[in-house]
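Here is what each chain is made of, one letter per residue.
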Amino acid sequence: MFEIAAVAVVIAHVFAVIRALRGPTVFDRLLAGNTIGTAAILLLAVVGFLTGRPEFLDIGITYGLLNLIGTLAVLKFFRFGDLSHDAQEEGAEL
Amino acid sequence: MSSLAADIISWPLIVAGSALYVIGALGLLRMPDVFTRMHATSVSDTLGAGLLLAGMMVQAGFSLVSAKLAVVLLLLLYTGPVATHAIARAARYAGLEPQLHVDKEDGS
Numbered sequence: 001m002f003e004i005a006a007v008a009v010v011i012a013h014v015f016a017v018i019r020a021l022r023g024p025t026v027f028d029r030l031l032a033g034n035t036i037g038t039a040a041i042l043l044l045a046v047v048g049f050l051t052g053r054p055e056f057l058d059i060g061i062t063y064g065l066l067n068l069i070g071t072l073a074v075l076k077f078f079r080f081g082d083l084s085h086d087a088q089e090e091g092a093e094l
Numbered sequence: 001m002s003s004l005a006a007d008i009i010s011w012p013l014i015v016a017g018s019a020l021y022v023i024g025a026l027g028l029l030r031m032p033d034v035f036t037r038m039h040a041t042s043v044s045d046t047l048g049a050g051l052l053l054a055g056m057m058v059q060a061g062f063s064l065v066s067a068k069l070a071v072v073l074l075l076l077l078y079t080g081p082v083a084t085h086a087i088a089r090a091a092r093y094a095g096l097e098p099q100l101h102v103d104k105e106d107g108s
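Sequence order for the protein chains is G and U. Numbering-wise, the numbering used here puts 21 at position 21 of the first sequence, and it's gapless, one number per residue. Numbering-wise, the numbering used here puts 99 at position 99 of the second sequence, and it's gapless, one number per residue.
Mixed in with the good hints, there may be bad ones.
What the hints assert, rightly or not - For the chain U half of the interface with chain G, some residues (derived, Cβ under 7 Å), not all of them:
id, residue
1, 14
2, 25
3, 29
4, 34
5, 37
6, 41
7, 49
8, 52
9, 56
10, 68
11, 72
12, 79
13, 83
14, 90
What the hints assert, rightly or not - Some chain U residues close to chain G (C-beta under 8 Å, calculated; not the full set):
id, residue
15, 15
16, 17
17, 22
18, 26
19, 28
20, 76
Quick caveat, the hints were computed from the structure, so don't treat them as lab data. For each residue, glycine too, the CB sits at the ideal point set by N, CA and C.
Chain U extracted, bound-state conformation (with noise of 0.2 Å):
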């Protein structure tokens, strides 16, 4: 729709950008407890989200639209931080134990 270069540069950002997020995704459901799944959710919600912005900001050139993608983005990596450090804390103050060590069966 737009100029062939801002379709060359945005492509791998979205792509790259939807990669991380699937992966940030993906380890919100296959870590072990809930400091582990934090760990993985800010992945996508930083690097992944970001990727995708930045891919969207080129994508619509340097308009209004890129102004409020920008605003998204310091949004999203202002907001992020905070929620997960929040739910970290009340989670440490009801008394949850990060699992420090995998009791696996050869016992290491």
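One chain only, chain G, in its complex shape (with noise of 0.2 Å):
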């Protein structure tokens, strides 16, 4: 039944991927970056109940976070050219 799931995510991963290679744009590819993150929150979890290892989710909480502000910072590093643009400075347009 896990083993299922564990598949159904693996492929997942796999067409993320596919799309992250190809994607034209970087939007495209922060798309999949965060798609392969939530993935890989479910195959921690899949594989924590196949291998009767709780603790695994724990980390996929933490991956999650972290993918979430991973995501962000790729999104303002390419809105502002870097990261440590402050939006009060110039009065943020947006």
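Combine both chains into one complex, guided by the hints.
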């Protein structure tokens, strides 16, 4: 039963990697990276269940938080050119 | 491994979650532009992962593991839309136009 879930999540990983390699714009790659992060959390949970070790879920939760922060950081870098951009300085136009 | 009732309930949940997850990932691959791909991945992020985690919660019964699974579910339900929104906004800011019409050969 969990094998099906594990296979499905690995297939999702493969599709996301293909999209990351092929994605024309940087936002496709970011979206693929985000999907890989989510799929990684689920794969951790499923493998935790398969091997009977519940502590994998803690790793999954931490990874989920890091994934979000990573995506936002890359977005900010691509939008403002550098990460240290302070919106209050020039009056954020958006 | 656990009681038969839990197996019977969690089995369809997990199979449906897995199927939805693969469909969402397939949508990520097949959709024409960024914004429709976001639409596809949000399907697998919310419902696919939700069903999978629900199936695991049923399997884990009433324990700490279920609580952690619930936290993971809440985490996915909160961070998924935030990240997708940020990506969509950055794409729009970068001047990426959503592909509103598909100019097929027959000009429809």
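Hint-by-hint comparison with the structure:
The beta carbon of residue 14 of chain U is positioned within 7 Å of a beta carbon in chain G (closest approach about 5 Å), and the interface hint is therefore held. Satisfaction of the interface hint for residue 25 of chain U is found here, the shortest Cβ-Cβ separation to chain G being roughly 4 Å, below the 7 Å cut-off. Hint on residue 29 of chain U holds. Least Cβ distance to chain G is approximately 5 Å, under the 7 Å limit. Using the Cβ-Cβ criterion of 7 Å, the hint placing residue 34 of chain U at the interface with chain G is satisfied: the shortest such distance is roughly 5 Å.
Evaluation of the residue 37 of chain U hint against chain G yields a held restraint, the C-beta minimum of about 6 Å falling below 7 Å. At about 5 Å, the closest approach between the beta carbon of residue 41 of chain U and any beta carbon in chain G falls short of 7 Å, and the interface hint on this residue holds. About 6 Å separates the beta-carbon of residue 49 of chain U from the nearest beta-carbon of chain G, less than 7 Å, and the hint is met. Restraint check, residue 52 of chain U versus chain G: the minimum CB separation of about 6 Å is within 7 Å; hint holds.
The closest approach between the C-beta of residue 56 of chain U and any C-beta of chain G is roughly 6 Å, which is under the 7 Å cut-off, so the hint is satisfied. Checking residue 68 of chain U against chain G by beta carbon gives a least distance of about 4 Å; that is within 7 Å, so the hint holds. The beta carbon of residue 72 of chain U is positioned within 7 Å of a beta carbon in chain G (closest approach about 6 Å), and the interface hint is therefore held. For residue 79 of chain U, the interface hint holds, since its Cβ comes within 7 Å of a Cβ in chain G; the closest pair sits about 4 Å apart.
Using the Cβ-Cβ criterion of 7 Å, the hint placing residue 83 of chain U at the interface with chain G is satisfied: the shortest such distance is roughly 5 Å. A hinted interface residue such as residue 90 of chain U counts as satisfied when its beta carbon comes closer than 7 Å to some beta carbon of chain G; here the least separation is about 5 Å, so the hint holds. Because the closest C-beta pair between residue 15 of chain U and chain G is about 6 Å apart, less than 8 Å, the hint holds. Taken as an interface hint, residue 17 of chain U checks out: its beta carbon lies about 7 Å from the nearest beta carbon of chain G, inside 8 Å.
Because the closest C-beta pair between residue 22 of chain U and chain G is about 5 Å apart, less than 8 Å, the hint holds. A cut of 8 Å between beta carbons decides the hint on residue 26 of chain U: the least distance to chain G is about 6 Å, and the hint holds. For residue 28 of chain U, the interface hint holds, since its Cβ comes within 8 Å of a Cβ in chain G; the closest pair sits about 5 Å apart. Contact between residue 76 of chain U and chain G, as hinted, is supported at the beta carbon level, the nearest pair being about 6 Å apart and thus within 8 Å.
Checked against the numbered hints above, the structure violates none of them.
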